[in-house]
Amino acid sequence: MAAPSLPGSGLLKGLGLTFKTMLSPATTAQYPHVKPELPPRTRGVIALMEENCTVCMLCAKECPDWCIYIDSSKETVPVEGGRTRTRNVLDRFAIDFALCMYCGICVEVCPFDALFWSPEFEYAEYDIRELTHEKERLREWMDTVPPPPPLEEGAVPPAEIEAGIAAARKEAEEAVAKAKAAAEGGGEPEAEGPQIDEELFARLVAEGTPERAARAKAKAAFVKAQKRREREQGGDQ
Amino acid sequence: MATSVFALEPLWLALLLQALAALLLFLIGAVVVGYLEHKVLAHMQDRLGPMEAIWHGIGQLPADGLKFLQKEDIIPTAADRWVFALAPAVAVVPGVVVIAVLPFGPGLWLTDLDAGIFFALAASGVTVLGTLMAGWSSANKFSLMGGLRGAAQLISYELPLVLAAAAIVIQAGTLSLPGIVEAQHGFTLFGVPMIYGIPHIIGLGLFFVAALAELSRPPFDMPIADSELIAGHMTEYTGMRYAFFMLSEYAGMVILSALATVLFLGGWYPWPGVGLPEGAAGMVLGFVITFAKILVLSAIMVWLRATFPRMREDQLQRLSWSVLIPLGLLNIVLVATAKVWF
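From first to last, the protein sequence lines are chains D and R.
Every letter in the first sequence is one number past the one before it in the numbering used here, and letter 17, counting from 1, is 17.
Every letter in the second sequence is one number past the one before it in the numbering used here, and letter 182, counting from 1, is 182.
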């Protein structure tokens, strides 16, 4: 049972509450004058990192609204000393934000980190056609993409980063081991610089062979000679 | 006693100035109280209210007025045209008329009627006729219900209002509003100069509650009751005619606050027994003090609006007939006894 209270005390309590609210600062955000503080993963607009795009068309295919328009062409790239390669060139990349429903599937599905969310949202237009942002406009949105938020403490880092760190650590350990071996054994110091057969390289360049090809041949010769040396040493023992 | 500053020769000049002053006071009072309501209500609801017009939204009400002027004036086909068109004026004019007898400072009244309080209450009662006319002529069942509720509310609450005022008239011994202020100035309670509002606390409460109901302000806004009746009698109104109803509501707040100030809070004197300087300085100071008291009372009206939910129609009637009116009669008996006793 509630404690007996004075009649009308509830009315006074209500008056007190409204008075207290009046004295506390209002929560209203003065939007056009004060920009809102948006969370870093806000889905405002989609930005395109054009350099990363390989025209794989995954985003356009996955888009539920079909609001991504991609045109591309093939370009042949001549390769010296090899067959010519073909490369995809992005001619048009446009997102129609009048159709887009901001599901973010395109950003999720992009395997090459070419699409990003930006928290910018002030791109309303008087004409609906203006809402189709071409790749130049989408590239400009890239400048507004915030850096990825830091990982939580104790979180497992992404696989590719972990692999990179492991490779770097292994390399460093090897370098340390090598340095140790050199200091202790005083053995044959490792050849500095590119391990190629200098004599053969110089001869081939003199004969007019292209430098790249000459270097490759000289390296092959050096490796062959080294293997032979190792075999001979093994035979001795 | 001081005479009105408008007691001028020739008569036509005095009349012109009086009409102009009444209209100006009406408009300025309504706009100031309207802005007060916008802001106080907003902050009580954790908002900021109007912020864009000029500075902190002080130009919001004039801007709204300009907007209303530009709007189309729609009269429903089935409406009773003449009554429909006349109703907003009937709601507004009593407000301007009542201002004529309200004292806003020493000498700052348009006319000093011998039956001032009687005239003020009678004239402000006419406002509800506008509500009733609007409700009837709109040919809309929600409007009609709003109008009838307004009429029922007036009948119920005019009584406690008059009873509360009658007790003060008995105390002061005069019906004239400046006369009541002067009588209150000389009033002492056990030798201490005192405003009527403290010994007459019952009367003040009665008057204030009845005034809220007279204005159909929340929690007594059944005639408008937006969640039940759309906007009651105002449902079919647009543009300037709608603005007139809003204006009469805000002006009504000013008028009834001014009446309460005169009857219970000592009018233009800061406190009974504390005098004002002679001449123009006293007038300005008296006007400022009166207006400050009016604004405080209006702010309390807004405060009540922000806090309490709307009452039900039967609760409203029960409160008036079984609580306020008996209390009002008892109050008169007490005051009359005390007046004879001391």
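Do not take every clue at face value.
Stated by the list, open to error - Label-pair distances were calculated between CB atoms; the ranges are:
1) D:37 x R:52: 53 to 61 Å
2) R:192 x D:37: 40 to 48 Å
3) R:51 x D:73: 49 to 57 Å
4) R:52 x D:148: 35 to 43 Å
As the list claims (entries may be wrong) - Here are a few chain D residues that sit away from chain R, every Cβ distance over 10 Å (derived from the structure):
5) 14
6) 26
7) 41
8) 86
9) 182
10) 213
Just so you know, these hints were derived from the structure itself, not from any lab.
It should be emphasised that the depicted structure is a prediction, and the values quoted were computed from it without experimental measurement.
Even glycine gets a Cβ: it sits at the ideal position worked out from N, Cα and C.
Any hints from earlier that this structure breaks? Give me their numbers in increasing order, please.
1, 2, 5, 6
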